[in-house]
Amino acid sequence: MTFALPTREETNQLIRLAMPIVAIQVGLMLMGVVDTMMVGRVSPVDLAAVAIGNLYFFLVAVFGMGLLMSLDPLVSQAYGAGDGEALARALQRGLVFALVMGVVASLALTPAGAVLQLFRQPPEVIPIAAEYARVAIVGVIPFYLFVVFRQTLQALGRVQAILWILIAANLANVGLNWILVYGNLGAPALGAVGSSWASSITRVAMACGLAWVAWPILRSYLRPWRPGVLARRPVGRMLKLGAPIGAQVFLEFSAFGLAGLMAGWVGTVALAGHQVALSLASFTFMLPLGVGQATAVLVGRGVGREDAPAARRFAVGGLLAGVGVMVLTAAVFLLAPRSLSRLFSADPEVVALAVVLLPIAGVFQIVDGIQVVCAAILRGIGDTRIPMLINFAGFYAVALPVGALMAFRLELGARGIWWGLAGGLGVVAVLLGGRVRHRLAGSLARVHIEDDD
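Per the numbering used here, the sequence shown starts with residue 1475, numbered consecutively.
Please note that the accuracy of each hint is not assured.
Claimed, not checked - Restraint-style ranges between C-beta atoms, simulated for each label pair: (1) N1658 to A1555: 47 to 55 Å; (2) V1806 to A1705: 47 to 55 Å; (3) W1699 to R1482: 19 to 27 Å.
No wet-lab data here; the hints were simulated from the structure.
None of these values were measured; they are calculated from a predicted model.
Beta carbons are placed, not taken as given, at the ideal position from N, Cα and C, and that holds for glycine.
Take these sequences, add in the hints, and give me the full structure.
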């Protein structure tokens, strides 16, 4: 079957929702970019410690974040259907999941030093990176609570509050880094560990600020506590929907994380150069990720109100927008790698390696945009298991084995790792694109998890 383009009004609706969500994604990523830029001025060892410590934090936390993204189809479809009670129960279950996953993730962050030793990271980096991860425990539960409120507000189309909170958070993060990383205003100069304290304090402030701002919007969904929120079967169904999303996000993030560990096996300079290139690629990735999140919401709403043609048109519009922005960012990476690299490090060796890696990142920017929007479309429909399997195949059967072969057997070092990632992303994009076409060609029905549905 052929798929129609969105109407002018639908295009405007997608743009109105996508632009602030993109700004939110950029704001979230900007905090990590600022951390990298400021710590990069301390030493290559501190920069590498931020890379490994932040990697360990998100490897532990990312599954829970993906699990909470089950709120995307549940809230957006309930909103589209006008089902306030289902929306309330989804939100309240999300809060319970956030608390439970926060405790689990905090326990998993504790043995960071032993884990990094197991993966043979540079000895001079391990103590700093381990302390970075332990300090991050302070912000784990606030991080998950922020995700719950954010996903819910996005599904309701109420995103301005999130944007203002993130602007304030970025300003606070810069100030806290200036104080704690460099030792200003009488504080000790903590380097990479100071950056972790800055991030943790900022996450606490973000969760509290967003909860306060969101209360008037979400109050009717937050109280009273709905009966059946913790009922076994609906909770199991929400886990069945959300766990594959968590696994999918974990597989992708862990693939890049393992690529970072392989870069650490090459050496400290390779790890630092990899972090510079990854920071830039991750920053531009926020653009199609934001477009994808908006697309998931609008597709979910279309499914909820039983308007399958509109859901299909929003899917097409989201794909076109996601690919378009990545074409532009790929061009920037290909044309100005040295200027971009110097924003993150003054070390000549680190900059030289990042200059080699950025054009490779530019190559996979386009397929990266395709795969993230396709995954979001399928999430809006409520299709989560097959995308998880596709991610596993692309990253663990292609990206990592090919990257390891090229890096160590062919002695291409970090370049080989990045070419492997590019190949894996291409496979994921093709397979997810085929899955989207198959699902959109069939019937689209709302996801039901309640016993009375």
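Violations among the numbered hints, reported as their numbers in ascending order: 3
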